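Protein chains in written order, with this note's numbering: chain U, 1 to 652; chain H, 1001 to 1345.
Heads up, a few of these hints could be off.
One side only, chain U facing chain H, incomplete, derived with CB under 8 Å [as the list claims (entries may be wrong)]:
#1 S75
#2 C76
#3 K78
#4 F80
#5 R83
#6 V112
#7 G186
Pairs of lysine-lysine residues, derived as DSBU-like cross-links and limited to a Cα-Cα distance of at most 35 Å, are as follows [claimed, not checked]:
#8 K1183/H x K244/U
#9 K635/U x K198/U
#10 K229/U x K591/U
#11 K184/U x K318/U
#12 K243/U x K1127/H
#13 K187/U x K242/U
#14 K1127/H x K249/U
#15 K606/U x K1003/H
#16 K1037/H x K606/U
#17 K1181/H x K241/U
#18 K95/U x K1128/H
#19 K1127/H x K187/U
#20 K1217/H x K1244/H
#21 K318/U x K244/U
#22 K198/U x K1160/H
#23 K1128/H x K150/U
#24 K184/U x K198/U
#25 K627/U x K1003/H
#26 K198/U x K1181/H
#27 K184/U x K1071/H
#28 K243/U x K1277/H
#29 K198/U x K1217/H
#30 K184/U x K1127/H
#31 K635/U x K1128/H
#32 K1037/H x K244/U
Since the hints were derived computationally from the structure, they do not count as laboratory data.
Treat the numbers as computed from the prediction; the structure is a model and nothing was measured.
Cβ coordinates follow ideal geometry from the N, Cα and C atoms, glycine included.
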Amino acid sequence: MTDVFFSSWGGEIVDNRGKEPENYEKIKGIALPSQFAGKEDIRALIGWYGIVLRSRDVNIVDLCRAYITAVQSESCGKCFTCRVGTMVLADTLTKICRGNGDEGDIDALVRVAEVIREGSKCNLGQTGPIPLLDAVKLFAEDFKRAVQDKKPILEGNYHYKLTAPCMDACPIHLDIPRYVESIKEGKFEESLNTIVEKLPLPGVVGRVCVRPCEMHCRRTILDEPISIKYLKRFVADDNLKKKKKVSFKQTPSEKTGKVAIIGAGPAGLACAYHLALKGHTVTIYERFGEPGGMAAMGIPDYRLPRNILGFEVEQIQKMGVAIKYNTVVGKDIKLSDIEKESEAIFIGIGAQASTAMGVEGEDKGYGGFIPGIEYLQKINVGVDPYPEGKKVVVVGGGNVAIDCVRSSFRIGKEDVNLVYRRTKREMPADHVEIKDAEEENVTFHYLTNPKKILTREGMVIGVECIRMELGEPDESGRRRPVPVEGSEFVIDCDILVPAIGQAIDLGLLEGKSGDNVKTTRKSTLVVDEFTMQTSNPRIFSAGDCVTGPSALINACAGGKRAAVNIDCFINGKRLEATDDDYFDRLFNDVKVFDPREKIGFLGGRKMLHLPMLPPEERKQTFAEVEKGYHFLEAKAEADRCLRCYRVGMIAV
Amino acid sequence: MVKLTIDEREITVEEGATILDAAKLAGIKIPTLCYHKRLNPIGSCRMCVVEIEGLPNPMTACTTPVAEGIKVVTNSERLQRMRRETLKLMLVNHPLDCPVCDKGGECSLQDLVYEFEIETAEYRAEKKEREAIYATPLIRYWPDRCIMCLRCVAACRDIKALGAIDIVGSGFGAGISPVNKEKCESCGECIKVCPTGALTENLSRYKGRTWMVNRVKTTCAYCGCGCQLELNVMNNRVIGITTKDDDEVNRGSLCVKGRFGYEFIGSEERLTKPLIKRDGKFHEAAWDEALDLVAERLTAIKTAAGSDAIAGLSSARCTNEENYLMQKFLRAVIGTNNIDHCARL
Ligand SMILES: Cc1cc2nc3c(=O)[nH]c(=O)nc-3n(C[C@H](O)[C@H](O)[C@H](O)COP(=O)(O)OP(=O)(O)OC[C@H]3O[C@@H](n4cnc5c(N)ncnc54)[C@H](O)[C@@H]3O)c2cc1C
Ligand code: SF4
Ligand code: SF4
Ligand code: SF4
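Put together the whole structure using the sequences plus the hints.
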């Protein structure tokens, strides 16, 4: 069953006019939710891919008018067809809707719409006229009547949002087409300003982001994605090189207050930054002696040099954010004591503990047995975690495991192995990272699982492993590894590093009688998905401690979201999802990126990859492996962007 | 090298060249408006659309790098229709006020509208007022005439590396605005590249139409760079300065002095007769009288105190030839090496 009576979405026409609802043909390729913001019925959708109509009360001419008017207001003005053409369309449609249409108007609409679609510079203009052209063709009668009747049409209620495939995929919704275009035009400072409106760590994220944006980049259909990540790094580096102060627009809210943040990781820092922008007084309590959380203590320096993170945190501190280092909340100071002094609290403690492997002997404290997170944290403060050892086995297939093996070479270990129970194809680690590790000569043992730690006099001397084979797919969709009976073998080693997962240490929470913050069975904090508020109204949380081990950009997005809501909380405003949030949801159903889209342009311009230090040289040092773009390279890379802005609008 | 076909002609060009470059090389003309050879391609005017075999969408020749084996068509019914429609859209806000426009006669828009035989402004949209403020008082911005080709913005940013002006606003209401007024050097690079009469010189408005002036090529006399320029002369008066993109040295660029500092030539305050100072006051004199006096005094000083008691200071406002004669006079006639020039100070 479907209640949609017309759709031209994606060029597939489904026309149920004149049919009884029970005989409606179903539309493919799009799932139009029935409600917006949980209260308004979605009566129609109009956007870059066509029109979907649910309610017969929607006036198609007025729908087009409202939509084209929105497109015109979003037009950047940088090409003739879109800038002027959409204005001509909007004015003509408005004229028709007011009852002043003329015979020739519809012809003119088509002619102008065609040239905008075919001739515009970016995707806003290229997609803007598509639903109008559909409408004029398939609802010709309605348009004719509107012109002939010369009666004003009642204006409907509409909501719209500008988006782009990359922008929609980015968890913090950076205005990617805009910052990329600024680079193309040589306006590097402006580009950076666009980024820091939302993200205070451009140099960090520009180096290590897991880049969901690039995986949704429309240019991929033509050749390869835009290097969105490295362009971000480029503007951050350019600014650092020129030693310019980033200009933050601080606009204090009506009421400002004292906010405490637990944890100076990406989530905590992003939250602090956005609270400081709103004029609040922020104090961060941090367990370690330096800021950055996993970005500092987990991610190794050869991927993310310390000075980059340092500079960006310094900028946040300059906005008045205080950081109390070497302070463990729950031990050195109680959460309830902090609560007394603050109007709101943000918890961003991450997932800082290592998960156990479930292997015999791992709890015995053998010399040379070091959990992955601890291993990296030691290396990151310049300490060899176990100088006695030379031969390393790391267990796991994620990015943490790869960081452990690659770091091992850099502290002088000679023989470095990675043990993973599935095959390379199933490895969750970034494929670029795997390739880099291969180049550096890590020995990979796939389809292998540790069974038992072998020791002598309390020291690791090897690990007994068993061969695995892939069986039926499990709930993650990946084929489940099953042990091959009798295939046990031993890998000699004196350091064994399990890196199979991270856990959350909830030691700071005081339970029902104290903060009363609810947690899940997986030890994550329970929060409202839109407001990041915990079960205690004054306590908010985001980052790895809410999502489980995830990615930096997700932590930053969560921290920002929490800050926005803490600001509302302090100002006595209702905490609720915004229209933007509901549009995110809608777009998630409607899909902003369609990998099957046919783009009728010439491709063949591949991504400009960064030059790298040669493997033999780089594995000796913690110097950054990848060099950044030269400014001409950055401009050339930015020039590849198709600027895929598009407007989605609903009638309610 | 990349091989491609444009309008059924095989062309080989260097990698990285655009389709427009390749067409130019082969002598094939593609209509353009925002393209300017000294600027990075802008892509705002959409006039240079071409078709590539096998691809449904036309692409702009100025921004598309060539690719091996592509077959390009620069002229078809569809492309001509698109160009005509685009031009018609341009006339929505551009008034047909050519009779009172300083650019009339050498305006790219006028030429294209003529070429495509567009007789009326068919489309209409409600006018949006745009502010007529500009970065420098030496230039006047006419928002109605501005077609938003963005050449001026690109010139200020790419050639001058200043970024004094930029596009502000969105949609039909977008205009050119001095976003960094303090950075403007009044060099007039923007006015140089503006294809329409949207930027005019505030000094010479309504002094003469383009076809009424005689353009005399000369070298800028303000400094030692040797920038090439043309004096626009009407009735023996200089009424403006223009430059050519192909000229050596400056390739069309000038600084504020070269571009706008020409009014002194016809200034009422210029000396046209020699003056002799008597009793602390200047009195007009005849040339013979003045020259005799100078010769007499210089000879007297030379005899009494030697050649080196005399020095000559020449002027940057003079031509090379005049300066040459000055130093020759001091060295050969007076007999001293004490000769200098104001541009060195
Ligand atoms: C080795 C490694 C490599 C990674 N590589 C990448 C990558 O390449 N790309 C990517 O996007 N993501 C990567 N990640 C994930 C990313 O680092 C995390 O998702 C992100 O740092 C989470 O941010 P957070 O602020 O939630 O938590 P964290 O970064 O974990 O920060 C939590 C902070 O809270 C502090 N803290 C904890 N408890 C207390 C307490 N009781 N009192 C005071 N302070 C406390 C901690 O010391 C820490 O500073 C990696 C993670 C690891 C471990
Ligand atoms: S081409 Fe540009 S605008 Fe389009 S999805 Fe990629 S980065 Fe975003
Ligand atoms: S006069 Fe020169 S500096 Fe001023 S806006 Fe024009 S190009 Fe830029
Ligand atoms: S002022 Fe001239 S150069 Fe600048 S955008 Fe307008 S028409 Fe183009």
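Verification of the supplied hints:
Because the beta carbon of S75/U sits about 4 Å from the nearest beta carbon in chain H, less than 8 Å, this interface hint is met. Here the hint on C76/U is kept, as its CB sits about 6 Å from the closest CB of chain H, short of 8 Å. Interface restraint check for K78/U: the shortest CB-CB distance to chain H comes to about 6 Å, inside 8 Å, so the restraint holds. Nearest Cβ of chain H to the Cβ of F80/U: about 6 Å, under the 8 Å cut. The hint holds.
Among the interface hints, the one on R83/U holds; its C-beta lies about 6 Å from the nearest C-beta in chain H, closer than the 8 Å criterion. Hint status for V112/U relative to chain H: holds, with the closest Cβ pair at about 7 Å, below 8 Å. Below 8 Å, beta-carbon pairs count as interface contacts, and G186/U has one with chain H at about 6 Å; its hint therefore holds. Under the criterion of a C-alpha separation no larger than 35 Å, the hint pairing K1183/H with K244/U is consistent with the structure, at around 18 Å.
As the CA atoms of K635/U and K198/U are separated by approximately 23 Å, the hinted pair is consistent with the 35 Å bound. For the suggested pair K229/U and K591/U, the alpha carbons sit about 22 Å apart, so the restraint of at most 35 Å is met. Under the criterion of a C-alpha separation no larger than 35 Å, the hint pairing K184/U with K318/U is consistent with the structure, at around 30 Å. Of the supplied pair hints, the one linking K243/U and K1127/H is violated, its CA atoms being roughly 44 Å apart against a limit of 35 Å.
In summary, the hint linking K187/U to K242/U is supported, as the alpha carbons are separated by about 14 Å, within the 35 Å threshold. For the proposed pair K1127/H and K249/U, the alpha carbon gap of about 34 Å is at most 35 Å, so the pair holds. With a C-alpha separation of about 19 Å, the suggested pairing of K606/U with K1003/H holds against the 35 Å cut-off. Proposed proximity of K1037/H and K606/U is supported: the alpha carbons are some 26 Å apart, at most 35 Å.
Between the alpha carbons of K1181/H and K241/U the distance comes to roughly 26 Å, so the proposed pair stays at or under 35 Å and holds. Distance restraint check for K95/U and K1128/H: the Cα-Cα separation of roughly 17 Å lies within the 35 Å cut-off, and the hinted pair is therefore satisfied. Annotation: proposed proximity of K1127/H to K187/U holds, straight-line Cα distance about 30 Å (limit 35 Å). Proposed proximity of K1217/H and K1244/H is supported: the alpha carbons are some 10 Å apart, at most 35 Å.
Annotation: proposed proximity of K318/U to K244/U holds, straight-line Cα distance about 14 Å (limit 35 Å). Taken as a hint, the K198/U and K1160/H pair is honoured in the structure, with Cα atoms around 32 Å apart against an allowance of 35 Å. Of the pairs offered as hints, the one joining K1128/H and K150/U holds, with about 26 Å between alpha carbons and a cut-off of 35 Å not exceeded. A hinted pair counts as satisfied when its Cα atoms are at most 35 Å apart, and K184/U with K198/U qualifies at roughly 21 Å.
For the hint linking K627/U to K1003/H, the alpha-carbon distance of about 33 Å falls within 35 Å, and the restraint holds. Straight-line distance between C-alpha atoms of K198/U and K1181/H comes to about 28 Å, which keeps the hinted pair within the 35 Å bound. Distance hint between K184/U and K1071/H is fulfilled; the C-alpha atoms sit about 28 Å from each other, no more than 35 Å. At roughly 59 Å between alpha-carbon atoms, K243/U and K1277/H are farther apart than 35 Å, so this suggested pair is violated.
Our distance criterion of 35 Å between C-alpha atoms is broken by K198/U and K1217/H, whose separation comes to about 54 Å. Distance hint between K184/U and K1127/H is fulfilled; the C-alpha atoms sit about 31 Å from each other, no more than 35 Å. With a CA separation close to 33 Å, the supplied pair K635/U and K1128/H stays within the 35 Å bound. Proposed proximity of K1037/H and K244/U is supported: the alpha carbons are some 33 Å apart, at most 35 Å.
Checked against the numbered hints above, the structure breaks hints 12, 28, 29 and satisfies the rest.
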